[in-house]
Amino acid sequence: MELNIDDIIFWQYEFFKVNATLINSWIVMLLLISVSWLITRKLTAGIDIKRGQAFIESFVVYVVDQIREETHEEPDKYLPFIGALFLFIAFSNIIGIIPGFNAPTASLSTATALAICVFIAVPIFGISNRGFSTYIKHYIQPSPLMLPFNIIGELSRTLALAIRLFGNIMSGSLIVAIILSLSPLFFPAIMQAFGLLIGIIQAYVFAILALVYIASATRVREVKQNNEVK
Amino acid sequence: MVIDWFTVVAQIVNFLILLALLKRFLFGPIQDIMTKREEQVASRLNEARKKLAEAEAKKKNYQHKLDELERSKKEMLQDAKEQAAQTQKQLEHEAREEIEKMQHNWKEALASEKEAFFKELHRQATFNIINILKKLVQELSNSTLEKETVNVFIEKLQSLGKEEQQKITTAVSGGEAQTVSVISSFELNNEMQQQITGSIKRLFLDDFKCIFEVSSSIGFGIELSTDGWKIGWDANIYLEDLKRNIEQLFTSDVETIQQQTTQNE
Chain Z
1 MELNIDDIIF WQYEFFKVNA TLINSWIVML LLISVSWLIT RKLTAGIDIK RGQAFIESFV
61 VYVVDQIREE THEEPDKYLP FIGALFLFIA FSNIIGIIPG FNAPTASLST ATALAICVFI
121 AVPIFGISNR GFSTYIKHYI QPSPLMLPFN IIGELSRTLA LAIRLFGNIM SGSLIVAIIL
181 SLSPLFFPAI MQAFGLLIGI IQAYVFAILA LVYIASATRV REVKQNNEVK
Chain R
1 MVIDWFTVVA QIVNFLILLA LLKRFLFGPI QDIMTKREEQ VASRLNEARK KLAEAEAKKK
61 NYQHKLDELE RSKKEMLQDA KEQAAQTQKQ LEHEAREEIE KMQHNWKEAL ASEKEAFFKE
121 LHRQATFNII NILKKLVQEL SNSTLEKETV NVFIEKLQSL GKEEQQKITT AVSGGEAQTV
181 SVISSFELNN EMQQQITGSI KRLFLDDFKC IFEVSSSIGF GIELSTDGWK IGWDANIYLE
241 DLKRNIEQLF TSDVETIQQQ TTQNE
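Order-wise, the sequence lines are chains Z and R.
According to our numbering, the first sequence holds residues 1 to 230 in order.
According to our numbering, the second sequence holds residues 1 to 265 in order.
So that you can see chain Z by itself, here it is in the shape it has in the complex (with noise of 0.2 angstroms):
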């Protein structure tokens, strides 16, 4: 039993690598675009949808129904972050209950660049928003004494963000790994289950915190122009 996946290395030079976290999401990469693709090759406007279609319309909705209750904005632009930040977080989580499987999320790599890509889509979001100066001001806001808070503030939670993906569905393994080697089948089965249940309760988490990250870099200044109107 590894703890860390990116140690099983398959192929290497010099510094590029092949390892175990690459090749998993690659398969979660490629069973996500697979499945999209056959579900929306055959799409239809009529009101006699598939099931599939149905599904993913449904998600969809529900998605955008959260982008809109926490930014109050039109989330199409939010959708396709969010959606597949969930989606591949989920993916990866439900596929790590196939035995001898690694869900690529359990390395602390993979979500410290998932960290890594909301710390840098914040920014992104609140600059297309907001405008580049009034977006670095609310870093020096309400006073520039809080500008070092502010980046220890923004740095902290990208760490928990990865921090607590990593150790929730890592933890889940080893449990399982653990119990295995103590107990009889069944108990191990269950915690599985759980640890699906934990999968994607986390993805979830994930990315509800990174919409919240996003809508309070961009909802600052509706509230300003509130105050301005009032």
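Simulated from the structure, these hints should not be mistaken for laboratory data.
Source: prediction; values computed, not measured.
Computed list of lysine to aspartate or glutamate pairs in EDC-like fashion (alpha-carbon distance at most 20 angstroms, straight line): (1) R:Lys162 / R:Asp206; (2) Z:Lys77 / R:Asp32; (3) R:Lys50 / R:Glu39; (4) R:Lys167 / R:Asp207; (5) R:Lys119 / R:Asp253; (6) Z:Lys50 / R:Asp32; (7) R:Lys101 / R:Glu113; (8) R:Lys162 / R:Asp227; (9) R:Lys36 / Z:Asp65; (10) Z:Lys42 / R:Glu38; (11) R:Lys36 / Z:Glu74; (12) Z:Lys50 / R:Glu38; (13) R:Lys59 / R:Glu70; (14) R:Lys23 / Z:Glu74; (15) R:Lys23 / Z:Asp76; (16) R:Lys135 / R:Asp234; (17) R:Lys230 / R:Glu213; (18) Z:Lys42 / R:Asp32.
If you want the footprint, here are the derived chain R segments under chain Z, 3+ residues with CB under 8 angstroms: (19) 2-14; (20) 19-26; (21) 29-37.
A virtual CB, placed ideally from N, CA and C, is assigned to each residue, including glycine.
Starting from the known structure of chain Z, arrange chain R on it as the hints suggest.
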């Protein structure tokens, strides 16, 4: 637990690729199709609303037409009823008039037939009775009816009162021609004419002219006529009674028949 920074960078790239691919293959098409469906639903709803409005308008229009139709039907029915009643009244009136006309014509024809019948009866009866009388007088008194009639006429003249004689005398002498007409139903012979002329002269005046005429208007008798005066004797006065009795009898019979006809109707 170490972070492998190559893996981190590779995973960032992987995620960006996944993001692009999912946008291309999942979210893009799904959002497009959902937007399209929303538009379709909206357009269908609009169409449905439009059609509903059209249907409402058509319904109102047809309802209006139906009401119009109903109203015109009632009016036409009323007109037809009134026309029928009027036609019935007119036809009844015409029929009544026709019947009345026919009755009138029938009554006129009846009256005319009756008159002709009585005239003929009167003529025949007068002729037969006078003939019988002539024979009776001939056989019983060895005289003629004409002669006896002249006698009766002279007696009638003689029986006139003084005042009446005076009035006749005045009428005859006051006239321009001073003529007296003696009209008889039969030819008077010379003896009779002289007898009458003599009587007139004795009773009224001497100087006058006497003209003798025969007329069928008198039934059987002699009549003296002067300016404004007329005096004579006619057997018709007896025959008139007979005629009246027959007419009465006939009229009562006709009324009885009419009453019976009315009862039968």
